[in-house]
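S.K.: Read off the chains here:
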Amino acid sequence: MLDFDYERPGSLDAAVVLLAEHNGSARPLAGGTDLIDHIRNERLTPDVVIDIKRIPELNVLECTNDGLRLGAAVPCSRICADDNIRSRYAALADSCSIIGGIQIQNRASVGGNLCNAGPAADSIPALIALEATCLITGPDGSREVPVESFCVSKGETVLQRGELLVELRFGPRPPHSGSHYRRFIPRNEMDIAVVGVGASVTLDEAGEAITDARVALGAVAITPFLAREVNDALIGKPATDQTYAAAGEVARGIISPITDMRGTREFRLHLTGVLVERVVREAVHRAVN
Amino acid sequence: MSKQRVVTCSINGHEESFLCRPRQTLLEVLRDVLDLTGTKEGCSNGNCGACTILLDGRPVDSCLVLAVECEGAEIETIEGVAAHGQLAPVQQAFLEGAALQCGICTPGFIMSTKALLRENPHPSEEQIRFYLAGNLCRCTGYDKIVRAVQATAEQAAAEN
Numbered sequence: 001m002l003d004f005d006y007e008r009p010g011s012l013d014a015a016v017v018l019l020a021e022h023n024g025s026a027r028p029l030a031g032g033t034d035l036i037d038h039i040r041n042e043r044l045t046p047d048v049v050i051d052i053k054r055i056p057e058l059n060v061l062e063c064t065n066d067g068l069r070l071g072a073a074v075p076c077s078r079i080c081a082d083d084n085i086r087s088r089y090a091a092l093a094d095s096c097s098i099i100g101g102i103q104i105q106n107r108a109s110v111g112g113n114l115c116n117a118g119p120a121a122d123s124i125p126a127l128i129a130l131e132a133t134c135l136i137t138g139p140d141g142s143r144e145v146p147v148e149s150f151c152v153s154k155g156e157t158v159l160q161r162g163e164l165l166v167e168l169r170f171g172p173r174p175p176h177s178g179s180h181y182r183r184f185i186p187r188n189e190m191d192i193a194v195v196g197v198g199a200s201v202t203l204d205e206a207g208e209a210i211t212d213a214r215v216a217l218g219a220v221a222i223t224p225f226l227a228r229e230v231n232d233a234l235i236g237k238p239a240t241d242q243t244y245a246a247a248g249e250v251a252r253g254i255i256s257p258i259t260d261m262r263g264t265r266e267f268r269l270h271l272t273g274v275l276v277e278r279v280v281r282e283a284v285h286r287a288v289n
Numbered sequence: 001m002s003k004q005r006v007v008t009c010s011i012n013g014h015e016e017s018f019l020c021r022p023r024q025t026l027l028e029v030l031r032d033v034l035d036l037t038g039t040k041e042g043c044s045n046g047n048c049g050a051c052t053i054l055l056d057g058r059p060v061d062s063c064l065v066l067a068v069e070c071e072g073a074e075i076e077t078i079e080g081v082a083a084h085g086q087l088a089p090v091q092q093a094f095l096e097g098a099a100l101q102c103g104i105c106t107p108g109f110i111m112s113t114k115a116l117l118r119e120n121p122h123p124s125e126e127q128i129r130f131y132l133a134g135n136l137c138r139c140t141g142y143d144k145i146v147r148a149v150q151a152t153a154e155q156a157a158a159e160n
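Same order as they appear, the protein sequences are chains A and B. The numbering of the first sequence is this note's numbering, which starts it at 1 and goes up by one. The numbering of the second sequence is this note's numbering, which starts it at 1 and goes up by one.
A couple of the hints might just be wrong.
What the hints assert, rightly or not - Listed next, the in silico DSS-like pairs over lysine-lysine satisfying Cα-Cα at most 30 Å (straight line):
#1 B:Lys3 <-> B:Lys40
#2 A:Lys53 <-> B:Lys3
#3 A:Lys154 <-> A:Lys53
#4 A:Lys53 <-> B:Lys40
#5 B:Lys40 <-> B:Lys144
To be verified - Covered by chain B, per the in silico footprint, the following chain A stretches (three or more residues, Cβ under 8 Å):
#6 99 to 110
#7 186 to 195
Stated by the list, open to error - For the chain A half of the interface with chain B, some residues (derived, Cβ under 7 Å), not all of them:
#8 Met1
#9 Asp5
#10 Tyr6
#11 Gly32
#12 Thr33
#13 Ile36
#14 Asp37
If you are wondering where the hints come from, they were derived from the structure by calculation, not from laboratory data. Don't be surprised by glycine CBs; every beta carbon is placed ideally from N, CA and C.
Build the full structure now, drawing on both the sequences and the hints.
M.R.: So, in structure tokens, the structure goes:
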């Protein structure tokens with residue numbers, strides 16, 4: 001592997017200073033499951049790797065009635081093991097339980113998955129469905145960005161030079177709400193999504209009508225994105241199979257997926273409709289129970 | 001060239017200090033510096049799990065860990081599994097069940113199995129297959145490995 005230096009700051013301030021000092025030639029290291037492979041293959045050639053795992057703010061994991069705070073370096077396995085997240089922010093736990101195998105989940109962070117900005121990243125549709133906000137800190141202070149605006153292209157995010165993703169913050173979950181993330185892969189596990197869908201729905205008190213919905217689609221565009229037209233096809237409608245099928249049809253109409261080694265355009269169009277239907281149905285099922 | 005660092009950590013219950021450069025993975029240091037060659041290099045990109053070790057009790061791919069990250073960590077490798085020259089029950093079960101052919105993947109499977117059975121002493125077949133999905137074997141077809149894990153769990157249950 002190419003040579004690089006290593007720093008392990010113990011505070012957020014120290015990390016921001018280090019990132020600024022190295023002026024774009026530093027890379028933050030959380031779980032390293034992508035970064036170390038990129039360096040080994042010389043797709044990335046940082047002069048210094050800044051290990052952010054011992055910074056308290058990046059290790060926060062607090063799920064309370066006020067919402068969820070998720071530090072950017074928290075590994076997937078900690079998220080999957082949290083009963084409160086599994087019940088209230090189920091789509092997030094769904095995605096973290098299928099990112100790589102157990103070895104990857106013990107290292108890989110959701111913050112890293114988001115910052116890699118892969119079109120097929122499993123956690124991003126879940127984060128978008130659950131309306132996460134990104135807390136970013138940099139040399140000019142801190143700012144917040146809605147997660148659906150964080151990825152601007154494949155591998156590109158809104159992070160400016162010297163900025164660090166610190167935390168993902170989620171509001172409290174409304175009563176009668178449920179969420180789900182599911183992807184299609186040709187195996188049972190350890191693969192990259194051909195299509196991935198995250199959804200969050202809120203029902204009325206009777207559990208019969210959808211009062212709010214957020215559906216996000218992955219692997220069918222250059223970044224995962226919030227499918228507003230699909231949301232509109234669900235909000236105000238009865239929670240029935242007919243509604244879910246109609247939402248799936250709308251989803252097919254708003255995407256223009258590519259053909260690649262994982263699937264053809266036609267297959268992705270078909271899958272997207274099927275997955276939207278199934279994922280929304282499961283999110284409603286969870287909202288009722 | 002970056003400076004060499006001194007890293008002190010626990011390896012199989014013994015405190016060890018070693019010198020490494022930041023670019024050296026834990027896998028490289030285990031094999032080339034510490035002469036612990038039981039941990040195998042397979043794909044070196046986190047797909048195959050041949051290099052699985054336990055880092056603070058959890059299975060990770062040692063090819064995707066920098067050795068310099070391990071300051072203060074507790075590391076368990078295949079060399080620490082057999083106690084006092086006796087195969088551990090999981091090793092005996094793999095041997096008796098012919099759960100290996102070429103053997104390259106075996107240390108990784110054994111380490112993952114150790115972590116699985118610590119977390120979940122009575123896993124279902126589905127739970128075993130899901131937990132071991134990050135370990136690839138191109139010889140056995142997995143069935144014998146799953147049965148060896150089941151046999152290890154059953155034996156532990158019978159002894160308790």
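S.K.: Taking the hints in turn, state whether each one holds.
M.R.: Do the hints match the structure? See the list:
1. With a CA separation close to 27 Å, the supplied pair Lys3 of chain B and Lys40 of chain B stays within the 30 Å bound.
2. About 21 Å separates the Cα atoms of Lys53 of chain A and Lys3 of chain B, which keeps this hinted pair within 30 Å; it holds.
3. A threshold of 30 Å between alpha carbons decides the hint, and for Lys154 of chain A with Lys53 of chain A the separation of about 25 Å falls inside it, so the pair holds.
4. A C-alpha spacing of about 26 Å is found between Lys53 of chain A and Lys40 of chain B, which places the hinted pair at or below 30 Å, so the restraint holds.
5. Restraint check for Lys40 of chain B and Lys144 of chain B: satisfied, since their Cα atoms lie roughly 21 Å apart, inside the 30 Å limit.
6. Counting residues of the region 99 to 110 of chain A whose CB lies closer than 8 Å to any CB of chain B gives 7, which reaches the minimum of 3, so the coverage claim holds.
7. Restraint check on the region 186 to 195 of chain A versus chain B: 3 residues with Cβ-Cβ distances below 8 Å, three needed, restraint holds.
8. Satisfaction of the interface hint for Met1 of chain A is found here, the shortest Cβ-Cβ separation to chain B being roughly 4 Å, below the 7 Å cut-off.
9. About 4 Å separates the beta-carbon of Asp5 of chain A from the nearest beta-carbon of chain B, less than 7 Å, and the hint is met.
10. The interface hint given for Tyr6 of chain A holds, since its Cβ lies 4 Å from the closest Cβ of chain B, which is under the 7 Å cut-off.
11. Because the beta carbon of Gly32 of chain A sits about 6 Å from the nearest beta carbon in chain B, less than 7 Å, this interface hint is met.
12. With a cut of 7 Å, the hint placing Thr33 of chain A at the interface with chain B holds, because the nearest CB-to-CB distance is about 5 Å.
13. Hint status for Ile36 of chain A: holds, given a least beta-carbon distance of 5 Å to chain B, under 7 Å.
14. Hint status for Asp37 of chain A: holds, given a least beta-carbon distance of 5 Å to chain B, under 7 Å.
Every hint, counting from the list given before, is met by this structure.
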